[in-house]
Amino acid sequence: MSALYEVDNVSLDLAAPAAGLQRLLPGVAPRMTILSNLSLSVGQGEMLGLVGESGSGKSTLARAMMGLVDITSGSLRFEGQPVKTRSDFVKVRQGAALMFQDAVASLSPRRKVAAQVVEPFQINGVPLPEGPSTATAMLERVGLSPALAQRYPHELSGGQARRVSVARALALNPKLVIADEPTAGLDVSVQAEILNLMTGLRRDLGLSFLIITHNLAVVRHVTDRVAVLYLGRMAEWGPTRAVFSHPYHPYTKSLIAAEPQADPRKRRANLALKGEIPSVLARPPGCEFHTRCPIARPCCAAEEPAPRMITPDRMVRCHFAAETEQRISGGRHGTELEH
Amino acid sequence: MSETLLKVDDLSIAYASEQGALQALRHASLEARAGEAIGIVGESGCGKSTLASAMINLLASNARVTSGGVIFGGRDILSVSGEEKRRLRGRHIAMIFQDPMTSFNPVLTIGEQLVDFQDQREGLSKGEKRAEAAAMLKRVGIPDPERCLSRFVHELSGGMRQRAAIAAALLMTPEVLVADEPTTALDVTMEAQIIHLLRELRRDYNGAIVIVTHHLGLVGELCDRVYVMYAGEVVEEGSTEEVYHNPRHPYTQALIACDPAHLHDHAPVLPTIPGRLPDLVTPPMGCSFAGRCARATGHCRSVAPAHVEVSPRHFARCHFAQRNEARS
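Chains as they are written, first to last, in the numbering used here: chain A, 1 to 339; chain B, 1 to 328.
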């Protein structure tokens, strides 16, 4: 599979909110690291899931890929072409579309659906492909009745608003759709409809999707690969099925274990991961996860783990991934651990 | 079987709307028992929030009770007067809302509010009330309660906010605790922590917990009994074990089938429930799910099914509920 969008070693810093008069002082302003040496690629026709808790940097990465925030270092490539300047991003925004997190809030409350779905054409100066019936044709493509074109966003249900976002994202025939929490807040049956719509579009149009979510069940069923983010760093990535059946990183394991089971027979005594995701202002030294990690050892606080390729398609960043690997394959406990 | 603390008896509620009376809740009955956690599940528009607000007597001003009532302590709490209503609320029946950000006043500290919530308590000084508040925050797992008391709600993380909201609800040791979507606004790890906390509370506390949610996983992890709602009616009820493993109503079956957490393999096409909710201004004469049910017959469309007991304490409102049994 050739890469459509490549994110290579990207870091993103922002100025930390300085307290009071401190911000008036000359000198280097304190920075906070939102994304740190992140690499990721979305293949042609691939459905990639990006998971992590709130504050892990998922949405920031999506915004950086669309040029809505500037990266500090690293490089982005879309269809093999480096993306650096403003005009590069204009091209990216024609070939890739972002579906924002809150579908209702991302629509203007004062304009009808018809006017809003054709906005991408107007913004990019593209003539409407089907003239005045473009809006209704676009709505039909995502399974909405043409009558909805004359409604205002507040008259739509959550699922309908989500479909309107999909219609808008598809306007310019993008190759990649980045969907930020596409099913948050939807009922389960509507959630399934939206996911089916996306998988259908991928099948019929060969679209690639980057699905950003904290809902593991969504990722498990529709994506080919999954990447797990923790505090702006990649903890693990690999084929979805393999990651779910044999997670290497203790964070991935905890996330999978924390998922509530819709089955009272599978109740477990303790499913909670300790503590909360630390603030980016107080990023733990060494491995970011050591403050909550059930298997942390002293070296985790001191040394940052390097990315390790367990197999050509699986990466994990953990000092003890080798040990986990042995445990999974049924091998003997390693006493000497590789770092 | 333990004592029934709160009973919803044949309750129907209609909202005045431009199109006419919207029958949001139709003849719903349920029981919350001491030491038991019950779950009310269903999708948007099924009437679960109306039922929850009736349980704490917080119905909207355009709501009208058209039949039945909510019995607590031997009387119908929906018919008590203003002052008494306030006394019941918080002290005997408390609620945890979906969005903990809006359950606190943004311009008062958490401590000031937790002291205020105890105003019905006699003979306690302000200092003692503050100490009570700190103890409760500690109980719900807030690491530094004193510091939390002097903070504002926006300074807390989502998980901490929800813990503080649970502490606020438990301050007056209510007999019934109603939680409306308590984990929807949270990440999966925070959700697991809140589930864990609610489980612990359930163990120590002899009240009844009512969880209102669209999330089958939450009920699966937490509740003893579940009530499945559709179009304003309770369509199935029973022990969580029974309902999840032997669902008798086609809606419950469909709901379980389309929950992605339920599927264990990669599924290219997820099951959905085609069709939409019936119009509740003129609810259907027959079964309210008939329009979306694959097994519906003419009989289903014209005659409303009874709530039949398919096995002990397991009821389903379906003409085929019994026949299902014969088949399985």
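Treat the hints with care, since some could be wrong.
[As the list claims (entries may be wrong)] Derived, one-sided and incomplete: chain A residues facing chain B with beta-carbon distance under 7 Å: (1) T72; (2) R267; (3) E276; (4) E304.
Think of the hints as simulated: they come from the structure by calculation, not from any bench. C-beta: ideal position from N, C-alpha, C; glycine also.
Outcome of the hint check:
{"no.": "1", "hint": "T72", "verdict": "violated, 26 Å"}
{"no.": "2", "hint": "R267", "verdict": "holds, 6 Å"}
{"no.": "3", "hint": "E276", "verdict": "holds, 6 Å"}
{"no.": "4", "hint": "E304", "verdict": "violated, 22 Å"}
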